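Residue numbers (my numbering): -11 to 141.
Be aware that a few hints might be false.
As the list claims (entries may be wrong) - Computed spacing ranges between beta-carbons, pair by pair:
{"#": "1", "residue 1": "A97", "residue 2": "Y126", "range": "40 to 50 Å"}
{"#": "2", "residue 1": "Q68", "residue 2": "Q132", "range": "36 to 46 Å"}
{"#": "3", "residue 1": "P141", "residue 2": "H105", "range": "26 to 36 Å"}
{"#": "4", "residue 1": "F72", "residue 2": "S(-1)", "range": "36 to 46 Å"}
{"#": "5", "residue 1": "E91", "residue 2": "T46", "range": "14 to 24 Å"}
{"#": "6", "residue 1": "N64", "residue 2": "T32", "range": "18 to 28 Å"}
{"#": "7", "residue 1": "Q85", "residue 2": "Y126", "range": "15 to 25 Å"}
{"#": "8", "residue 1": "Q132", "residue 2": "A89", "range": "29 to 39 Å"}
{"#": "9", "residue 1": "A107", "residue 2": "Q68", "range": "18 to 28 Å"}
{"#": "10", "residue 1": "N10", "residue 2": "V128", "range": "28 to 38 Å"}
{"#": "11", "residue 1": "S114", "residue 2": "Q68", "range": "31 to 41 Å"}
{"#": "12", "residue 1": "R47", "residue 2": "F98", "range": "24 to 34 Å"}
{"#": "13", "residue 1": "S124", "residue 2": "N64", "range": "12 to 22 Å"}
{"#": "14", "residue 1": "R57", "residue 2": "V134", "range": "33 to 43 Å"}
Unchecked claim - Within a straight-line C-alpha distance of at most 25 Å, the following computed SDA-like cross-link-like pairs (lysine to any residue) qualify:
{"#": "15", "residue 1": "K94", "residue 2": "Y49"}
{"#": "16", "residue 1": "K94", "residue 2": "T32"}
{"#": "17", "residue 1": "K94", "residue 2": "V83"}
{"#": "18", "residue 1": "K94", "residue 2": "A75"}
{"#": "19", "residue 1": "K94", "residue 2": "P56"}
Since the hints were made in silico from the structure, they are not lab data.
Source: prediction; values computed, not measured.
Note that the Cβ used here is the ideal one computed from N, Cα and C, for glycine as well.
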Amino acid sequence: MGKTLSDFGDSELLLQLCSGQNLAVLSTEADARPYASLVAVAMTSDLRHLFFATPRATRKYANLSTNPRVALLLDNRTNQVADFSRAAAATVLGVAQELSAQERDKNQAFYLERHPHLAEFAASPSTALFRVRVESIYLVTRFQSVMEYHFTP
């Protein structure tokens, strides 16, 4: 049986970081070239799933259509000198899947709880809602302390 989040050290910091950030940098890849995008995210409390929406007419959508493996970076930096000792960043690795109409109806409410200001955008027929199945998270603090969290399917 897989470990739960509470089995790991720094789980409180990780929960705060993943549930406290509204935006993440999404990394996709196509034709052996990386691509990074800023996306609005909502993560489940068990940190096993993360949701984001994107228009279908974007490079990130095209990249996800050919390669669903993603990395997302969530961080709490403030662009101050103190970040060198206090900033934390979580790299989330997983597989993204566009939700079907039925799954979208069920999960869009969760996404909009976090981002009610995006209701019109999320409801547009040209917008896709993705769920990332989280496989692992790497939490980095003080630019050198790394904790690894791995989730079993």
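- request: For the pair supplied as a hint, K94 and P56, confirm whether the alpha-carbon distance does not exceed 25 Å.
  value: holds, 21 Å
task: Take the C-beta atom of A107 and the C-beta atom of Q68, compute their distance, and say whether it sits inside 18 to 28 Å.
output: violated, 33 Å
query: Are S124 and N64 spaced within 12 to 22 Å by their CB atoms?
result: For N64 against S124, whose Cβ atoms are near 20 Å apart, the range 12 to 22 Å holds.
message: What's the verdict on K94 and Y49, does the C-alpha distance respect the 25 Å limit or exceed it?
response: holds, 21 Å
25 Å Cα cutoff - pair K94, V83: Satisfied, since the Cα-Cα distance of roughly 19 Å is no more than 25 Å.
- prompt: Is 40 to 50 Å right for how far apart the beta carbons of A97 and Y126 are?
  reply: At roughly 30 Å between Cβ atoms, Y126 and A97 fall outside 40 to 50 Å, so the hint is violated.
- prompt: Cβ-Cβ distance between Q68 and Q132: within 36 to 46 Å?
  reply: violated, 19 Å
- prompt: Has the hinted range 31 to 41 Å been met by the Cβ atoms of S114 and Q68?
  reply: Given range 31 to 41 Å: holds, Cβ gap about 39 Å.
- prompt: Regarding the pair K94 and A75, is the alpha-carbon distance no greater than 25 Å?
  reply: With Cα atoms ~35 Å apart, K94 and A75 exceed 25 Å; violated.
task: State, for the Cβ atoms of Q132 and A89, whether the hinted interval 29 to 39 Å holds or is violated.
output: With Cβ atoms ~45 Å apart, the hint is violated.
task: Just tell me: holds or violated, for the beta carbon distance of R47 and F98 against 24 to 34 Å?
output: Hint holds: Cβ distance 26 Å, inside 24 to 34 Å.
query: Are F72 and S(-1) spaced within 36 to 46 Å by their CB atoms?
result: The hint (36 to 46 Å, Cβ to Cβ) is violated, given that F72 and S(-1) are roughly 24 Å apart.
Hints 1, 2, 4, 8, 9, 10, 14 and 18 from the list above are not met by this structure, while the remaining hints are.
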